[in-house]
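Participant: For the first sequence, the positions run 14 to 572 when my numbering is used.
A few of these clues could be false.
[Stated by the list, open to error] Calculated cross-link-like contacts (lysine to any residue; reagent style SDA-like; alpha-carbon spacing at most 25 Å): (1) Lys467 to Asp547; (2) Lys176 to Asp218; (3) Lys97 to Cys244; (4) Lys494 to Arg387; (5) Lys331 to Pro196; (6) Lys176 to Glu123; (7) Lys528 to Arg387; (8) Lys572 to Val556; (9) Lys414 to Lys458; (10) Lys331 to Arg145; (11) Lys572 to Pro512; (12) Lys458 to Asn369; (13) Lys399 to Arg346; (14) Lys531 to Lys458; (15) Lys531 to Gly520; (16) Lys101 to Lys414; (17) Lys531 to Pro512; (18) Lys101 to Arg346; (19) Lys364 to Cys244.
[Unchecked claim] Pairwise CB distance ranges, derived in the manner of DEER restraints: (20) Arg145 to Ser330: 27 to 37 Å; (21) Arg466 to Glu400: 33 to 43 Å; (22) Ser330 to Lys551: 40 to 50 Å; (23) Ile126 to Glu211: 32 to 42 Å; (24) Ser23 to Lys467: 42 to 52 Å; (25) Met409 to Arg387: 24 to 34 Å; (26) Met461 to Glu94: 53 to 63 Å; (27) Met409 to Lys331: 47 to 57 Å; (28) Pro512 to Pro391: 26 to 36 Å; (29) Glu342 to Gly459: 45 to 55 Å; (30) Ala273 to Glu211: 44 to 54 Å; (31) Lys551 to Asp182: 26 to 36 Å.
Keep in mind the hints are simulated off the structure, nothing from the lab. Every value quoted in this text rests on a predicted model; they were computed, and no experiment measured them. All C-beta atoms in this analysis are idealised placements derived from N, C-alpha and C, irrespective of residue type, glycine included.
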Amino acid sequence: MSDETSATLSNFITDIIDEHLENGRFDHVHTRFPPEPNGYLHIGHAKSICLNFGTAQQYGGLTNLRFDDTNPTKEEVEYVESIKADVKWLGFDWDDRLYFASDYFGVLYEYAIQLIKQGNAFVCDLSAEELRQYRGTLTEPGKNSPYRDRSVEENLDLFKRMKAGEFADGSRTLRAKIDMSSPNLNMRDPVMYRILHEEHHRTGDEWCIYPMYDYAHCVSDSQEHITHSICTLEFEDHRPLYDWYLDQLGIFHSQQIEFARLNLTYTVMSKRKLLQLVKEGTVSGWDDPRMPTLSGMRRRGYTPEAIRTFAETIGVSKANSVVDVELLEHVLRDDLNNRARRVMAVVEPLKVIIDNYPENGEEFFDVAYFPYDRENSPTRPVPFSKEIYIERSDFMEEPVKKFYRLAPGQEVRLMNAYYITCTGVVKDADGEVVELHCTYDPESKGGMSPDGRKVRGTMHWVSARHALDAELRLYDYLLTKADPYDIPEGGDFTDNINPDSLQVLTGAKLEPSLKDAKVLEPFQFMRQGFFCADYDSKEGALVFNRTISLVDTWAKMQK
RNA sequence: UGGGGCAUGGUGCAAUGGCAGCACAGCGGACUUUGAAUCCGUUGAUCCAGGUUCGAAUCCUGGUGCCCCGGCCA
C-alpha cells in the first residue's frame with residue numbers, strides 16, 4: 014500500500030470536472046485557495062484547502078495560493094504569514110505559485126478601461142446612500158444612475174482622475190453597466206472600483222482605487238488559468254456576474270463551483286467572531302488551544318493528518334449542515350492512538366505509602382512506549398519506590414458497585430510494577446483523604462503474579478521521589494451550546510461562552526522521562542488522554558496541554 | 001410567483017431508474033497489564049401529495065420546510 018493521502022474521492026465537484034474533461038471544456042485541472050489576509054485560518058478553511066489541493070492532486074493538477082487582498086482597510090502582513098505557515102503545516106505545497114490579487118491591480122485597471130471603452134462600465138457620482146436607494150429592493154427593480162449615460166471619453170477621463178487621486182474617498186465609483194432591473198441584485202450595475210486613500214500592505218500608496226471582490230476574483234482566476242474556482246454557497250448568486258465580466262472581457266473563462274461551508278457543533282466559525290474573542294480577551298490569542306483556528310489546533314496537539322482525514326470524512330455537498338464535533342474528536346483520537354507514546358502521569362495526585370517496601374528502596378522498570386507492540390517498541394526506565402502517587406479518582410473509600418480500582422482491602426495492579434492492597438486511609442481534620450497505606454506483593458513484580466490470580470483494576474502511578482511537577486491545561490468546548498446561535502432574547506453568541514473551557518491544574522506529577530518531551534510532541538498519558546508540551550513549557554516549569562481525553566466509558570456509566 | 005440554492009437514520013456523506021449503504025454517535029457482548037484501543041453484533045432514514053414506469057431516493061407536477069442575496073466587505 015502506498016500512503017498517498019487519498020483514495021479517489023467522488024463528489025458533485027468531481028462529477029462536474031469529469032464532465033468538463035469529457036466534453037473538452039478543459040483538459041486538466043488547476044485550482045486555487047484564495048484566502049483574504051484579514052484573520053487566521055480555521056478548520057473551515059482546512060476543508061476548503063483540502064478540497065482545492067486534494068481535488069487538483071487527484072487529477073494530477075496544481076493548486077495556487079492566492080491572497081485576495083483587495084481591501085487594504087482590513088488586511089495585514091501578519092495574516093499572510095500565518096496563512097502561509099498554516100497551509101504548509103497542513104501538508105500542502107503551492108511551489109512557486111504564490112500570488113496576490115494585488116499582483117493584478119495593473120491588469121485589472123487596464124481591463125476596466127477596456128470595459129469602459131466597450132460601454133460596459135461608467136463612473137458614477139452617487140453617494141453610498143444614494144446608490145443604496147437606486148438599487149431597489151429584493152422585490153422591486155432599481156433605477157438607472159443619472160450618470161449611467163456619460164460618454165466613453167468622460168468616463169475614461171474621470172476614471173483616470175480617480176486613479177490619480179483627484180477625488181475624495183466615497184465620492185465616485187466605477188460601475189459595471191448591466192441591468193438595474195435584474196432580479197439578481199448583484200447584476201444591478203455593481204461597483205467595480207471604489208476610492209480608498211489607504212496604504213496597502215503590498216502596493217503601499219501606489220493605488221487609491223481598489224477593485225471589488227467580484228471584479229478582481231474572476232479576473233485573477235482567469236489570469237492564473239484556474240479551471241475550477243471553488244467557493245462557498247453564498248457566492249452562487251455572484252456566478253452570473255463572475256461569468257459576465259469574463260465574457261465581456263473575452264478572456265480565459267474559469268468555472269466557479271460552490272459548496273457548503275463547514276459548520277461544527279460547539280464552534281463559531283466566522284473570522285469576525287474569532288477576532289472578537291481575541292480582542293475581548295476571551296482567549297489568549299488566535300492560537301489559543303481552544304480556538305478552531307489551525308494555529309490553535311496545532312498548539313492544542315492536533316496533527317495535520319487528523320485534520321486531513323476529517324476533511325475527507327465529512328465529504329462535500331451543497332446542503333447546509335452541521336458536523337458533530339465528536340467526529341473531529343474521533344479522527345483525532347484515532348490518529349493520536351497510532352502515533353503517541355504511552356507514558357504515566359498523575360493528573361490529580363494522591364500519595365500512597367507502601368508499608369512493606371524497603372525504606373530507601375528503588376528499582377527501575379524497563380517499560381515499552383508502545384505496549385501494544387512490545388517487541389518493536391522502544392522503552393524507557395521508570396523508577397519505583399516506597400512512596401508513589403496515584404490518581405485521586407482511582408480511590409474510593411466506599412466504592413460504588415463495579416468500581417474496580419483502589420478501595421480499603423481491595424487489590425489492584427500498578428501498571429508494569431506490582432499488585433498493591435489498600436490497608437489504611439489517612440485523613441485530615443476535615444475528613445479529606447490525604448494519604449493511603451498499602452502493602453505490595455513482591456511476587457507480582459512486572460504486574461503479574463505467578464498464581465495467576467485475577468486483578469480487575471490496573472492503574473497508572475508515578476514514584477513520588479522521582480516525579481516531575483507540571484502544569485496541565487485541560488480544555489473544554491468554548492461554548493456551552495451545540496448551536497452557538499441558540500441565543501437568549503436580545504443576547505449574542507458570547508452569552509454562550511463556557512466559563513470553564515480552561516482548567517489549569519498545577520499539581521500534576523509526571524514520570525521523569527517526560528523531562529525531554531519536545532513541544533507539540535504527542536503523548537498518551539495512560540488512562541487520561543493525549544497531551545503535548547505547550548510553547549510555554551520550560552525545563553523546571555513544564556506545561557502540558559490536554560489535546561483530547563480518552564473515551565471514558567466509566568464516566569458515562571456513572572451518569 | 002423577487003432571484004438563487006438545498007431536503008436520505010440523531011449527525012455527516014453515498015446510492016446517478018434495479019436489494020437504501022458507509023462513518024460518527026447510541027445500544028449489547030467479547031477481549032484487555034489503559035474502564036482506552038481492538039473485535040463481534042445491533043437499533044435507526046428517502047420532507048409531503050399526486051403522476052410516469054414492471055420497478056422511483058433518483059424522472060414529472062404541485063406543495064411544504066430550511067439557507068443565501070438589498071457593503072463603495074470578501
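Participant: So, against the hints stated earlier in the document, which numbers end up violated here?
Facilitator: Those not satisfied are hints 1, 4, 8, 9, 10, 13, 14, 16, 17, 19, 21, 23, 28, 29, 30, 31.
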